[in-house]
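Given the structure of chain A, go ahead and fit chain B onto it with the hints provided.
There are 2 protein chains.
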Amino acid sequence: MWRAASKQVIRTVGSSVSDLSPLAKQLHASPGSKKIVGVFYKANEYAAKNPNFLGCVERSLGIREWLESQGHQYIVTDDKEGPNSELEKHIPDLHVLITTPFHPAYVTAERIKRAKNLQLLLTAGIGSDHIDLKAAADAGLTVAEVTGSNVVSVAEDELMRILILVRNFVPGYQQVINGEWNVAAIAYRAYDLEGKTVGTVGAGRIGKLLLQRLKPFNCNLLYHDRLKIDPALENEIGAKFEEDLDVMLPKCDIIVINTPLTEKTRGLFDKERISKLKKGVLIVNNARGAIMDTQAVVDACSSGHIAGYSGDVWNPQPAPKDHPWRYMPNHAMTPHISGTTIDGQLRYAAGVKDMLDKYFKGEDFPQQNYIVKEGKLASQYL
Amino acid sequence: MWRAASKQVIRTVGSSVSDLSPLAKQLHASPGSKKIVGVFYKANEYAAKNPNFLGCVERSLGIREWLESQGHQYIVTDDKEGPNSELEKHIPDLHVLITTPFHPAYVTAERIKRAKNLQLLLTAGIGSDHIDLKAAADAGLTVAEVTGSNVVSVAEDELMRILILVRNFVPGYQQVINGEWNVAAIAYRAYDLEGKTVGTVGAGRIGKLLLQRLKPFNCNLLYHDRLKIDPALENEIGAKFEEDLDVMLPKCDIIVINTPLTEKTRGLFDKERISKLKKGVLIVNNARGAIMDTQAVVDACSSGHIAGYSGDVWNPQPAPKDHPWRYMPNHAMTPHISGTTIDGQLRYAAGVKDMLDKYFKGEDFPQQNYIVKEGKLASQYL
Numbered sequence: 001m002w003r004a005a006s007k008q009v010i011r012t013v014g015s016s017v018s019d020l021s022p023l024a025k026q027l028h029a030s031p032g033s034k035k036i037v038g039v040f041y042k043a044n045e046y047a048a049k050n051p052n053f054l055g056c057v058e059r060s061l062g063i064r065e066w067l068e069s070q071g072h073q074y075i076v077t078d079d080k081e082g083p084n085s086e087l088e089k090h091i092p093d094l095h096v097l098i099t100t101p102f103h104p105a106y107v108t109a110e111r112i113k114r115a116k117n118l119q120l121l122l123t124a125g126i127g128s129d130h131i132d133l134k135a136a137a138d139a140g141l142t143v144a145e146v147t148g149s150n151v152v153s154v155a156e157d158e159l160m161r162i163l164i165l166v167r168n169f170v171p172g173y174q175q176v177i178n179g180e181w182n183v184a185a186i187a188y189r190a191y192d193l194e195g196k197t198v199g200t201v202g203a204g205r206i207g208k209l210l211l212q213r214l215k216p217f218n219c220n221l222l223y224h225d226r227l228k229i230d231p232a233l234e235n236e237i238g239a240k241f242e243e244d245l246d247v248m249l250p251k252c253d254i255i256v257i258n259t260p261l262t263e264k265t266r267g268l269f270d271k272e273r274i275s276k277l278k279k280g281v282l283i284v285n286n287a288r289g290a291i292m293d294t295q296a297v298v299d300a301c302s303s304g305h306i307a308g309y310s311g312d313v314w315n316p317q318p319a320p321k322d323h324p325w326r327y328m329p330n331h332a333m334t335p336h337i338s339g340t341t342i343d344g345q346l347r348y349a350a351g352v353k354d355m356l357d358k359y360f361k362g363e364d365f366p367q368q369n370y371i372v373k374e375g376k377l378a379s380q381y382l
Numbered sequence: 001m002w003r004a005a006s007k008q009v010i011r012t013v014g015s016s017v018s019d020l021s022p023l024a025k026q027l028h029a030s031p032g033s034k035k036i037v038g039v040f041y042k043a044n045e046y047a048a049k050n051p052n053f054l055g056c057v058e059r060s061l062g063i064r065e066w067l068e069s070q071g072h073q074y075i076v077t078d079d080k081e082g083p084n085s086e087l088e089k090h091i092p093d094l095h096v097l098i099t100t101p102f103h104p105a106y107v108t109a110e111r112i113k114r115a116k117n118l119q120l121l122l123t124a125g126i127g128s129d130h131i132d133l134k135a136a137a138d139a140g141l142t143v144a145e146v147t148g149s150n151v152v153s154v155a156e157d158e159l160m161r162i163l164i165l166v167r168n169f170v171p172g173y174q175q176v177i178n179g180e181w182n183v184a185a186i187a188y189r190a191y192d193l194e195g196k197t198v199g200t201v202g203a204g205r206i207g208k209l210l211l212q213r214l215k216p217f218n219c220n221l222l223y224h225d226r227l228k229i230d231p232a233l234e235n236e237i238g239a240k241f242e243e244d245l246d247v248m249l250p251k252c253d254i255i256v257i258n259t260p261l262t263e264k265t266r267g268l269f270d271k272e273r274i275s276k277l278k279k280g281v282l283i284v285n286n287a288r289g290a291i292m293d294t295q296a297v298v299d300a301c302s303s304g305h306i307a308g309y310s311g312d313v314w315n316p317q318p319a320p321k322d323h324p325w326r327y328m329p330n331h332a333m334t335p336h337i338s339g340t341t342i343d344g345q346l347r348y349a350a351g352v353k354d355m356l357d358k359y360f361k362g363e364d365f366p367q368q369n370y371i372v373k374e375g376k377l378a379s380q381y382l
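Protein chains in written order, with this note's numbering: chain A, 1 to 382; chain B, 1 to 382.
The hints are simulated quantities; they were obtained by calculation from the structure and are not laboratory data.
Keep in mind that a hint or two might mislead.
Pairs involving identical chains hold if they fit within one copy or between any two copies, as the list cannot separate such chains.
Listed below are the simulated DSS-like cross-link pairs for lysine-lysine, each with C-alpha atoms no more than 25 Å apart in a straight line [to be verified]:
1. Lys279 / Lys361
2. Lys373 / Lys278
3. Lys240 / Lys215
4. Lys196 / Lys49
5. Lys353 / Lys35
6. Lys196 / Lys215
7. Lys251 / Lys49
8. Lys49 / Lys116
9. Lys361 / Lys35
10. Lys276 / Lys49
Just so you know, these numbers come straight off a predicted model, no measurement behind them.
Same shape as in the complex, but just chain A:
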């Protein structure tokens, strides 16, 4: 009965999309059961190892009981690619799709077109570029993420990666497990972070947290963004605003990418821009893999122009076995992990639950969570 009622209402809304667009569908759950689909990574044997490991398929953000007790249907899978995938089966009739940057379900214009009942796309984490946001906006959908849920997690991870590259940690670790001992082979390019010039491309939530954490390291801190940081905070951090990205970049010993992937930042670091960086520059990118030209990074790491590259984002994800960043010299890459710490999972699981609750009640989400609000794209994506 719940399902029938729901289908009835949604069909009405769904069929009106093309007529209403660019006007938005109003986002509130009509009464009745919703079909909610979550796409997460599988934990398998690791699920049982930590009761707070909420972000995996097996724990499904810890909201199954809560959803089902209200009569909603909750389908969770990690099977997201291709016409026979589990996700694909549910595209035609799901109402809410929960995805995550760590195991991204690519929500293309074509999928959106076929998702006649879809109203709401929630990102468990931060970064919704795996969704075709323009298509979502045109279809009058709402896209929201748990803004702030893992910004501390990512900023901490960036500082780790800066130090891993500056210290040349990886070859040292490899020596140990290979039974070797050659201090010189590490030391000839191990440095202090102190005194180096660090620039962040983007000084939003994560960039600011990184700069605050860098402050006691006595670096020369630079940042480029559309907007200047609040003067009091800028003064506290001691970071210098650089209006022109291409003026800032060649000054940097270390560059950290902290900008969302948009049409403006896709391929931002191409062969030409990389060629203008300092020889021996270190780059940390936990933002998105597609901000870099994949092959240009490989070439610059191979030539030594980039002396170290570390990050947890790839294009695409999961990175295929033959992704060249796995095998280029002087990298310190990991799978997409920085924002999915246990602490981060607890926060984004709570944030998703909160937004679902508001959705069922017809209430607004926290304003900063919206990426597309009832058909209108957030300003940074315009």
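Okay, now just chain B, sitting in the frame of chain A:
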């Protein structure tokens, strides 16, 4: 001629040691040529890769020309062990021995006894526990290090290791180079540093720098030392003094060792003390390997009681191929590297040169550099 004169003078001083002891030999270079021996690690093909790579055998701290232009003899080697080693050949007639913690020449009581001409032991870096300090004091020698030369280097490295353990970085990196992608296998025990309790055993120069760098991470910071930090600094850092080590340790999620190796700290972390730590504790030790009971660490890492162990110090060094820390689970070890960054090398090379210059001129060293001053042990070693 220089050598003959020197031998003459030194023989006089040398022969007086046993008579004078425990009275000290007065430390100033008598006129004439000195035989100075340096024991460093070899860089081989890496020497040519960086003009500032001063700490290796090939560059010899960059002081050869300066020493030889004054008529001194300067012999440098990495061959330090056993009766047929290069170092051993020069023990009977060297005046000054320069060593380093990164490739420690073990200066035993027996070697000191045979070094009849020895006056001065200089450590290029910090940490002189590879020298039998009591024997050196009894022989009326002076032992000095370049205090402060690499404290920033080591503190930065410690913060890197804390994050590497908290984030479970190493398995992520291994997945990448092995062609794998399993976010769950990393995430189930990856955490934020924020909110965790971090305790440092020792809050001297390095410990304080670490605490300052930890401050923006919003941790619960504890420290144990003989002395309280200056109240203004303590207040700025927000770290809490713990008078009783064994009261502090069980509170810590993360323990960092920042104490010199002395008779009091040797084997400090034995089986019993480790058993009282929090299950899942993370330990960072860039201080000295012998502060830990080697096998107790292996056992606790194997059982999971210690969830992660990272450091760059071993007992002995170089670590033999079969050192069990190379193969225990959840470690992030490297060779002894944290204090020998290029920046650190520039500073400790300059510090050694400065002390040699003062020695030739009969001037005092900076007070904080002395470990043994003309037969008297510095207070922390008493």
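Hints, one by one, checked against the model:
no. : hint            : verdict
1   : Lys279 / Lys361 : neither (56 Å within a copy, 43 Å between copies)
2   : Lys373 / Lys278 : neither (41 Å within a copy, 46 Å between copies)
3   : Lys240 / Lys215 : both (12 Å within a copy, 22 Å between copies)
4   : Lys196 / Lys49  : between (40 Å within a copy, 20 Å between copies)
5   : Lys353 / Lys35  : within (15 Å within a copy, 74 Å between copies)
6   : Lys196 / Lys215 : both (12 Å within a copy, 20 Å between copies)
7   : Lys251 / Lys49  : between (45 Å within a copy, 23 Å between copies)
8   : Lys49 / Lys116  : neither (39 Å within a copy, 62 Å between copies)
9   : Lys361 / Lys35  : within (16 Å within a copy, 85 Å between copies)
10  : Lys276 / Lys49  : between (47 Å within a copy, 22 Å between copies)
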